[in-house]
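S.K.: Same order as they appear, the protein sequences are chains Y and E.
Under my numbering, the residues of the first sequence are numbered 1069 to 1180, in order.
Under my numbering, the residues of the second sequence are numbered 23 to 135, in order.
Check before you lean on any hint, since a few could be wrong.
[Stated by the list, open to error] Here are the simulated DSS-like pairs of lysine-lysine, each with C-alpha atoms no more than 30 Å apart in a straight line:
id, chain 1, residue 1, chain 2, residue 2
1, E, K79, E, K37
2, E, K33, Y, K1110
3, Y, K1135, Y, K1070
4, E, K39, Y, K1175
5, Y, K1110, Y, K1175
6, Y, K1135, Y, K1124
7, E, K79, Y, K1172
8, Y, K1135, Y, K1175
9, E, K79, Y, K1110
10, E, K33, E, K79
11, Y, K1110, Y, K1124
12, Y, K1110, Y, K1172
13, E, K79, Y, K1070
14, Y, K1070, Y, K1124
15, E, K33, Y, K1172
16, E, K39, E, K79
17, E, K39, Y, K1110
18, Y, K1070, Y, K1175
19, Y, K1110, Y, K1070
20, Y, K1172, Y, K1124
21, Y, K1135, Y, K1172
22, E, K37, Y, K1110
23, Y, K1124, Y, K1175
24, Y, K1175, E, K33
[As the list claims (entries may be wrong)] Far from chain E, some chain Y residues (derived; all Cβ distances over 12 Å):
id, residue
25, Q1074
26, E1083
27, G1084
28, S1094
29, D1123
30, G1127
31, S1137
32, Y1139
33, D1146
34, Q1148
35, S1150
36, A1158
37, G1159
38, I1179
These aren't lab readings, by the way, just hints derived from the structure by calculation.
Using N, Cα and C, we set each Cβ at its ideal position, and we do this for glycine too.
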Amino acid sequence: QKEVEQNSGPLSVPEGAIASLNCTYSDRGSQSFFWYRQYSGKSPELIMSIYSNGDKEDGRFTAQLNKASQYVSLLIRDSQPSDSATYLCAGPNGAGSYQLTFGKGTKLSVIP
Amino acid sequence: GAGVSQSPSNKVTEKGKDVELRCDPISGHTALYWYRQRLGQGLEFLIYFQGNSAPDKSGLPSDRFSAERTGESVSTLTIQRTQQEDSAVYLCASRLDMDNEQFFGPGTRLTVL
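Chain Y extracted, bound-state conformation (with noise of 0.2 Å):
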């Protein structure tokens, strides 16, 4: 079982600054990493995919990935009290797979 970790938070951050969350993963083989949202109470929707080395860039999300460092993040730019939620970064479970190994999840919240 490969592993990905998350800070569980909360992180909290005032509207209008930069949120950065991070997520490290064990499987140096791991080619492509996924970010979900969660509302409370609702299911994960897929955010951000990102497959190589960089940046990569959607609207005010960014997501970086450090293949190096085994390190991926997501930096999301001018916080909006709607981007409160909880925050799952994932992985393929081995080089390969095509089953993802998800974090625990980082609890966002933006002080209006």
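We have chain Y; now place chain E onto it with these hints.
M.R.: For chain E alone, coordinates are given in the frame of chain Y:
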């Protein structure tokens, strides 16, 4: 198109009864996953179906849990002789072949009294 759907959205049952949960994946998605999420906890993998291959049942917690899938469509998760510790949200996800992105349904909240 339509997303993953699950039914029922909520199920309350008495300890010892059997329950059946249903998942309709996104049309064309060949892979289907079941997860369990207890209150305040992370996702717990249960079972994975890929096309006509034998399912990966490695996450099923006991022989009271079973799942079936008809071809590349509907799946049902059955829990026999439910226990209070089975209370959780059961989530289904599907994935398009050759892609690793999983898309989740809304879940079924199971409460065992």
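S.K.: Looking back at the hints listed earlier, which ones does the structure fail to meet?
M.R.: 4, 25, 36, 37
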